[in-house]
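Heads up: the sequence lines are chains A and B, in that order.
Numbered per full-length UniProt numbering, the first sequence spans residues 1 to 395.
Numbered per full-length UniProt numbering, the second sequence spans residues 1 to 395.
These aren't lab readings, by the way, just hints derived from the structure by calculation.
Please note: incorrect hints may appear among the correct ones.
[Claimed, not checked] Covered stretches of chain B (chain A as the covering partner; in silico rule of three or more C-beta atoms under 8 Å from a C-beta of chain A): (1) 126 to 133; (2) 159 to 170; (3) 213 to 222; (4) 311 to 321; (5) 346 to 354.
Heads up, the beta-carbon is just placed ideally off N, CA and C, and yes, glycines get one too.
Number of protein chains: 2
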Amino acid sequence: MPNLSPLFTPDEYAARLAATRRAMEARGLDALIVSDPSNMAWLTGYDGWSFYVHQCVIIGPTGAPVWFGRGQDANGAVRTCYMADGDIIGYPDHYVQSTERHPMDYLAAKLTERGWDAGRIGVEMDNYWYSAAAHAALDRQTRGVLVDATALVNWQRAVKSKAELGYMRSAARIVERMHARIFDLAEVGMRKCDLVAEIYDAGLRYDPKLGFGGDYPALVPLLASGADASAPHLTWDDRPLKAGEATFFEIAGVVHRYHCPLSRTLFLGKPTPTFVEAEKATLEGMEAGLELARAGNRCEDIANAFFGVLARYGIEKTNRTGYPIGMSYPPDWGERTMSLRAGDTTELQPGMCFHFMTGLWMDDWGLEITESIVIGDGAPECLADVPRKLMVKDG
Amino acid sequence: MPNLSPLFTPDEYAARLAATRRAMEARGLDALIVSDPSNMAWLTGYDGWSFYVHQCVIIGPTGAPVWFGRGQDANGAVRTCYMADGDIIGYPDHYVQSTERHPMDYLAAKLTERGWDAGRIGVEMDNYWYSAAAHAALDRQTRGVLVDATALVNWQRAVKSKAELGYMRSAARIVERMHARIFDLAEVGMRKCDLVAEIYDAGLRYDPKLGFGGDYPALVPLLASGADASAPHLTWDDRPLKAGEATFFEIAGVVHRYHCPLSRTLFLGKPTPTFVEAEKATLEGMEAGLELARAGNRCEDIANAFFGVLARYGIEKTNRTGYPIGMSYPPDWGERTMSLRAGDTTELQPGMCFHFMTGLWMDDWGLEITESIVIGDGAPECLADVPRKLMVKDG
C-alpha cells in the first residue's frame, strides 16, 4: 500500500480499471500491457521519472493492475501505487540496457506465471515507451497474439472526473501566475535563460493562498522570438530579447501531473501590421471555435470554425488546432486521441478538456494565443484567466 | 543553411558522419534511420522539442544527412541543422497521430525517391523514439531489409572531441553553482517545490563571468528524502524538508545539451551511524574506482573496485554504478552504450566521459555522492569541483 497520499479515491481507481476492462472486452483482449507513463499513472497512481527504462502496467482478466519495472524503481511503485506489494514486480538490473537480454523476456515469464500469456494481449504499438525491440522480444516469448491497443487507455481518460478537474483548475492558477511573471519582467535586453528561470520559479513555488506548489511540465517552456518563432519547438538560448520582435510563450501550469497549457505572445515595441492582423484573425477565430465547443458538437466543428475565420483573413494554418489534455508525462502534454482538425468527427462530451492550440507558425514570424477549455453543455469553461490578446510592451 | 550559429565546425560534423558511415559499412548497412534525438543532434545540429512526433535523420550511402520530421518542425530544422534546405523533409500534418496513416509511410516514399529503399537499412529498434508501430509501418512499405542498429551512432559518440569537452566543462560550472545554491538555502521547513525553483534558477541564469547560461536537463531534478530516498526516481512534491532526514540531489548542469550530472546528499541534523558508515564506504569505494578509471582498463574494473569496497562494508548495491554521458535529450542523460558493471569489458579510451553513479537506494534510506569524469591516460578528470562528502547542516 502506498506510503504517499493517493491523489484519488479507491472508487475512482476502481472505476478507471472497470472502464479499461470494458474497452478490452469490446476489443476482445484477454490482457493489456500499458507502457504509456500517463496511462500507468492514471490506472495505478505510479509516479516517477523511470520511463527511460522499460516498464509497464499489466491489466489481466481479473484482479488489480500489476506494476512491472526495474528493481530499483519498484521502491517507487510501492510508495505511489495503490495496489498491494504483491502486485509490484521488479526486474533484475542486468536486464537494463543489455544487448543479451530484454526486460520483456522477464515480463513474458511473469505473464506465464500468472497464466496471462495466452489469448489476445493488447500492446501500445505506437507509444514512445514501447519500442520495436520490446515488441519483438515480447512477441518471441509469449504464446499469445499481440494486438495493437494504442490509445485504448488514453481514450478512457478523455472525460475528466471532478477530482481531475480540480487539479486542472489548480494548474490554471499556476499558469496564470507564470504569464503574469512574464509580462511583469520581460523586456528588451533580458536574456532568455533568465526569463526561463523566472518562468520555472512562477511555475513551481508554493503559494500559501493557493495551498499548493507546482510540478514539472511535460514540455519545457518554448519561447521563440522573431523569425525563430516560425518554428514551434525551438527551446531557449542565452541571448537577449530584442526590440521590435514578438516572442511566444508556450507553457503550462502543472499540479500532480495535471496540465493547464496556455500560450501568449509578447511584442516588445509597436506591433507590426502583420501582428495586428494576425491577432485580430486569431481572436475572432477563437470566438468562432469556442462558440461551437460544446457537448454534442464534433472536434472538427471547432477546427472548421477557426480555420474558416483565418481563411477570410487570408491566413493558412496547415496543422491541427488542438488536442485533449489532462495528466501527462514527457514528452507531450497532449493525450494523443482526438485532434481538432477537419475529419475528426469525435463527439464532444461534458468534461472533455482541450488545449485550443491556435498557434500560427508562418515563414518568418509566429503568434500563439491559446486557451485550455473544459467542454460542457453550454459555453466551455476557459480554465485560466489571462487576458486573451497580443501582449505588448512598447517603450 | 542554419540561421542559428552552429555549435561545431563543418569538419567536426564531417568526421561524425564519416565515423558513422564506417560503422554502417562494418555492419553491412546501406542506409541508416536515426530516431534518437541525441544522435540526430550529434549528426546534424538539429535541436528542438519535437521528438513527441515521429522524426529521424537518414544517413544514405552518400551525401549529407537528411532530416525528416513534421512539416511545422522543418522550420526548426532549417534553422539548426548544417545541411542545405533540400535535405530537410517535412511531412504533412494529417500524418500526426492519425489512425489511418503513419509518418513512416511518408518516409518510405521519400526513401524510394532517393533510391535508398533497398538493401539493408539500419533502424534503432530499442530506442524510445522508434515505436513498434513505426517499425511495422516502415517494414510494410520498404523493399529493403530492416536491421537492428540500436546504439550504432551512440557508440560513435563515446569519445568526446575537444569542443564537446569544452561544453561539458561549462556544464560542470553550472552544476557547481546548483549544488552551492542547495547547500546555501536548504533547511528544515523549506518546501521541496521552492527548493526546485532555486535549483532551476541556479541551473539556468546567465553568468557574465562564465559568459553563458544553462539549458534544460534530460531529467528533472530528483530529490527524495528520508525513506522515500529508497526510490531513485521519485520527483518532488510541495512538502517541507524535515529534521533528521537526508535528501539526495541528483541534478545536472547543461550547456548546449551537454550534461554534467552530479549528485550530493544533504543531511539536516546529525547524521545517523547508517549514513556515516555509508558515506565512508562510498568515498572509499569511489577512490578505488577512480584509481582504475583510466585508458586501457575496462568498464567493469571501475565497478568491481567500487563494489569490492562496498562489500567489505556489508553494503550490497544491486544496480550498475555508472554510464557514459555527453549530449542528451529527455528522458535520459545516459548514452545507453557501456555500463559500469561486472561483465562490461569495454576498454576505456581517453575522452570517454562517465557519470560514476555510486548511489545507494536501500530499504528505507538513500545516499548519492557521485562524480562525472573524463577518462585520460592517468587519473581521470573530475569535471565538477564540489566537496565530495555527505553534506550536513546541523542546527
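Verification of the hints:
Check on the segment 126 to 133 of chain B: 8 of its residues sit with their Cβ under 8 Å from a Cβ of chain A, so the three-residue criterion for coverage holds. Requiring three or more residues with a Cβ within less than 8 Å of a Cβ of chain A, the coverage given for the segment 159 to 170 of chain B is violated, as only 0 such residues are present. Counting residues of the segment 213 to 222 of chain B whose beta-carbon sits less than 8 Å from any beta-carbon of chain A gives 7, enough to reach three: the coverage restraint holds. Counting residues of the segment 311 to 321 of chain B whose beta carbon lies closer than 8 Å to any beta carbon of chain A gives 3, which meets the minimum of three for the stated coverage.
Here's how the segment 346 to 354 of chain B fares: 0 of its residues keep a CB closer than 8 Å to some CB of chain A, so the rule of at least three is not met and the hint is violated.
Violation of the numbered hints given earlier is confined to hints 2 and 5; the remaining hints are satisfied by the structure.
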